[in-house]
Amino acid sequence: MSHRYQQIALLVAIALLLVFPLLGDRFYVQFVTRMLIMVVFASSLNLLVGYTGLVSLGHAAFFGIAGYIVALYSPEAHAAGFWSSLALSVGGAALLACLIGLLVLRTSGIFFIMATLAFAEMLFYLFHDTSIAGGSDGIYINERPILTIGGWVPIDLSNFVHFYYLVLAFAAAVILLLRVILQSPFGKVIVGIRVNEHRMRSIGFDTFRYKLVCFVIAGALAGLAGYLSAVQFGVVNPEMLGWHQSGSVLMMVILGGMGTLAGPVIGAFSLMMLEELFQSMTKHWQLLTGVVIVLVALYLPRGLAGLLPARPAGNGELPSAGSSASRSASSNTASTGGAPAGVQDRV
Amino acid sequence: MDPTIFLIQLLNGVQYGLLLFLVASGLTLIFGIMGVINLAHGSFYMVGAYLAWSLTQALGSFWLALAAGIVLSVVLGMLLEWLFIRHLYRRDHLQQVLLTYGLILVFSELRSILWGDDVHGVAVPAMLSGSIALTETLAYPVYRFWLSAICVLLAGLMYYLIQHTRLGMMIRAGATNREMTQSLGIDIGLLYRFVFAFGVALAAFAGMIAAPVSSVFPGMGNQVLILCFVVVVIGGLGSVKGALAAALLIGLIDTFGKVVEFELAGFQVLPELAGMSVFVMMAIVLLWRPEGLFSRRLR
Amino acid sequence: MSETVLETRNLSRHFEGLAAVDGVSLSCRMREVHAVIGPNGAGKSTLVNLLSGDLRPSAGRVFLRGEEVTGFAPPRISHLGVGRSYQKTNVFLPFTVFENCRLAAQSRLGSSMRFFRPARRYRAVSEAAMRAIEQAGLHRQADKPVDTLSHGEQRQVEIAMALATEPSLLLLDEPLAGMGAEESLQIVELLKTLADDHAILLVEHDMDAVFALAGTLTVMVNGAVLESGEPEAVRASRAVQLAYLGDEHHE
Chain S
1 MSHRYQQIAL
11 LVAIALLLVF
21 PLLGDRFYVQ
31 FVTRMLIMVV
41 FASSLNLLVG
51 YTGLVSLGHA
61 AFFGIAGYIV
71 ALYSPEAHAA
81 GFWSSLALSV
91 GGAALLACLI
101 GLLVLRTSGI
111 FFIMATLAFA
121 EMLFYLFHDT
131 SIAGGSDGIY
141 INERPILTIG
151 GWVPIDLSNF
161 VHFYYLVLAF
171 AAAVILLLRV
181 ILQSPFGKVI
191 VGIRVNEHRM
201 RSIGFDTFRY
211 KLVCFVIAGA
221 LAGLAGYLSA
231 VQFGVVNPEM
241 LGWHQSGSVL
251 MMVILGGMGT
261 LAGPVIGAFS
271 LMMLEELFQS
281 MTKHWQLLTG
291 VVIVLVALYL
301 PRGLAGLLPA
311 RPAGNGELPS
321 AGSSASRSAS
331 SNTASTGGAP
341 AGVQDRV
Chain B
348 MDPTIFLIQL
358 LNGVQYGLLL
368 FLVASGLTLI
378 FGIMGVINLA
388 HGSFYMVGAY
398 LAWSLTQALG
408 SFWLALAAGI
418 VLSVVLGMLL
428 EWLFIRHLYR
438 RDHLQQVLLT
448 YGLILVFSEL
458 RSILWGDDVH
468 GVAVPAMLSG
478 SIALTETLAY
488 PVYRFWLSAI
498 CVLLAGLMYY
508 LIQHTRLGMM
518 IRAGATNREM
528 TQSLGIDIGL
538 LYRFVFAFGV
548 ALAAFAGMIA
558 APVSSVFPGM
568 GNQVLILCFV
578 VVVIGGLGSV
588 KGALAAALLI
598 GLIDTFGKVV
608 EFELAGFQVL
618 PELAGMSVFV
628 MMAIVLLWRP
638 EGLFSRRLR
Chain R
647 MSETVLETRN
657 LSRHFEGLAA
667 VDGVSLSCRM
677 REVHAVIGPN
687 GAGKSTLVNL
697 LSGDLRPSAG
707 RVFLRGEEVT
717 GFAPPRISHL
727 GVGRSYQKTN
737 VFLPFTVFEN
747 CRLAAQSRLG
757 SSMRFFRPAR
767 RYRAVSEAAM
777 RAIEQAGLHR
787 QADKPVDTLS
797 HGEQRQVEIA
807 MALATEPSLL
817 LLDEPLAGMG
827 AEESLQIVEL
837 LKTLADDHAI
847 LLVEHDMDAV
857 FALAGTLTVM
867 VNGAVLESGE
877 PEAVRASRAV
887 QLAYLGDEHH
897 E
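Protein chains in written order, with our numbering: chain S, 1 to 347; chain B, 348 to 646; chain R, 647 to 897.
In case anyone wonders, no lab produced these hints; they're calculated from the structure. No residue lacks a Cβ here, since even glycine has one placed at the ideal position from N, Cα and C. Certain hints may be false.
[Stated by the list, open to error] Where chain S lies over chain B, by a calculated footprint (3+ residues, C-beta under 8 Å):
no.: 1; region: 457-470
no.: 2; region: 563-577
no.: 3; region: 627-636
[Stated by the list, open to error] Going by beta-carbon spacing under 10 Å, a handful of chain R positions derived as facing chain S:
no.: 4; residue: Pro721
no.: 5; residue: Tyr732
no.: 6; residue: Asn736
no.: 7; residue: Val737
no.: 8; residue: Gln752
no.: 9; residue: Ser757
no.: 10; residue: Pro764
no.: 11; residue: Gln781
no.: 12; residue: Ala885
no.: 13; residue: Val886
Chain S on its own, in the form it takes in the complex (with noise of 0.2 Å):
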């Protein structure tokens, strides 16, 4: 399939989103919804493991964490506004991806990897084992946020079409936000970080900062799509940052093919149709799933997007991420057994 091609899937998949709403009934419009949500989800995730090179598997703590303050924040009895509630949530989940990636940023490789779900885990227990928001139950929102723009309420966030396209709208900023970012001179910065962060600092940058403020973006718009999701549902449990939800956002991502914008999308999307596949034919579903997982694992190590031809070189876009995720990937490998490559050839 060439670069014209894929140009022209993009728009008709664009297009099919835009019209969807009008042909599909409601169960089908609110599961597409889903999967958008956990398209922003997964970008935010791929801007670490795909871009930047940082394994996490604690990220839905910062999509749980916004859950849970749109729900605190929520009255009782009345809505909230969407405004001030999306910036607390994404405030709140920036907030906390700035706590804990000053801790887990100071260890790297494995350590990181284990560093990040013992934190999520920490934040899972919180809220599991506390009676702060409902203990295991979780807690709902009875009603739910009004967007209103001076006194004008243009989306109804109970009505799933208008829902349907505010998600879509975010889903699609996000994606942007993330193209027009990875272009920028931080994006440079952070893909090179993944490629060889020991000459990112020999060259002059502090890359501990830049992959703190990385983990911040991450965590925000993970946080973003928390609140979405949790809009969505109107309620939040335990299990919304538990490790089997980041678990999940990070198969997406691989699923997808990381390094790539179209990755988390088709990952997401892919990935909970087949769990729905799945879910109606046993109670065991996991286990489909888990063996699904396996397989990607072994067989399928860069994704679906992978099986795509990649994109010829010297076209100035993003020159490094698609081809180069297996090369660099396994430069990682070398370099995390602990010492940094300049330690190693030391004498």
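Using the hints, position chains B and R against chain S.
Frame of chain S, contents of chains B and R only:
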């Protein structure tokens, strides 16, 4: 705190820490030798506990169940290595994480299909069912002493393996596969299969001997895995001493955290919040010595 | 006499009791090539790593233009005008030559916490990158990914990247390693030009290149300085001939 309760909690903490060490050392061994991060490690602990429960019922004896369970877990480990893990050696951590995460789902559902989702208990074997009087008012179960002794024995064995065998020396030196093969004169593929099986058996064995003191429940594998991660982050990789010290520390903090009622500046901390203490410890270590308490500084 | 850019006093680094670098004191002036030679394992690369901040000294001090920088991390050293190349090619292999150098030049933006304007629209950065590429003689390779280049060209990328950060002191760790005769000559010419407005600390095995370039020569053996001074005087030194040069020249 009452000194009697304190002593009991101290013993419980040490015993729990030793158990954690057993599981964590399997995790570090597999990473140290094979370079594989195994998220499914906690699942083997869970499988071990369920094996102890079902085999004790089937065979009528905890000891027979233990023997059969060890054999089964070694076979399981070798099978998994042959089927899946051996494809991961030259791969990125990311794929290792993904595959072993998939295995967690598979094991969790298989457990649900085979054994259901109920919580079970395993009786302490009659031989060890008594208690030892430590003071006039304090008696401590023999089984828990036995459990700690077994863990210490295995810890000693591991220490010997790492510190005094050629394989151990090569692991500490971070030797490459070819160097290992040349020096030890054995097929590295076979070595890996045994190491992985040994790691699986360690985790499963820990689950089996833990079954009589804690209940057997579906989420036990994940719980122990997270604590093992904390142990590894705190202790640093490649150091048996570090893993042991960190495991004991976490065991004690976790045990005391659940019984001590914290009062900070007149503010009564929720007793449930005490479960966080382990993670607070990890945060402190990451701030103070991010490379782990027992690793040497690199730069 | 020109300004002293780099100075070390009693610089040492031990690895588990073993002294890889042992009490090295040397200096490097503007418009001077200071070559460091010595047998394998003499501690030359460790010395460079100590100077660039990749390793922390166990003892001793490092000064840049009179200011102490001992124990500074690599990014900070880099921003004080130090560029380095690595003995084993250490670049961004999947990126093009231009991307490699653009990234290096971008570090001089002050901060790269710039999220919205595309990186290619920062003209000054691109121009600095192109200047470095042309200086290193790579302009025809600018758009090729580095992993498609020959070994010698990859070595040139190492130097180009160091140049793109517009340093005043260059730490070059065996820039000629593995290069053919013709490529070596090119690089020697390049280093001669660079010596006009840089201070250069050069670790190198190629004796012809060393004697063609060096204004000062230091011989290291077992981590310590055996002899240091003008190249001809060092070459004439009996101790050096015995310990090092002798072997090479009487083969």
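Each hint tested on the structure:
{"no.": "1", "hint": "457-470", "in the structure": "holds (count 3)"}
{"no.": "2", "hint": "563-577", "in the structure": "holds (count 4)"}
{"no.": "3", "hint": "627-636", "in the structure": "holds (count 4)"}
{"no.": "4", "hint": "Pro721", "in the structure": "holds, 4 Å"}
{"no.": "5", "hint": "Tyr732", "in the structure": "holds, 7 Å"}
{"no.": "6", "hint": "Asn736", "in the structure": "holds, 5 Å"}
{"no.": "7", "hint": "Val737", "in the structure": "holds, 6 Å"}
{"no.": "8", "hint": "Gln752", "in the structure": "holds, 6 Å"}
{"no.": "9", "hint": "Ser757", "in the structure": "holds, 9 Å"}
{"no.": "10", "hint": "Pro764", "in the structure": "holds, 4 Å"}
{"no.": "11", "hint": "Gln781", "in the structure": "violated, 16 Å"}
{"no.": "12", "hint": "Ala885", "in the structure": "violated, 23 Å"}
{"no.": "13", "hint": "Val886", "in the structure": "violated, 22 Å"}
Violation of the numbered hints given earlier is confined to hints 11, 12 and 13; the remaining hints are satisfied by the structure.
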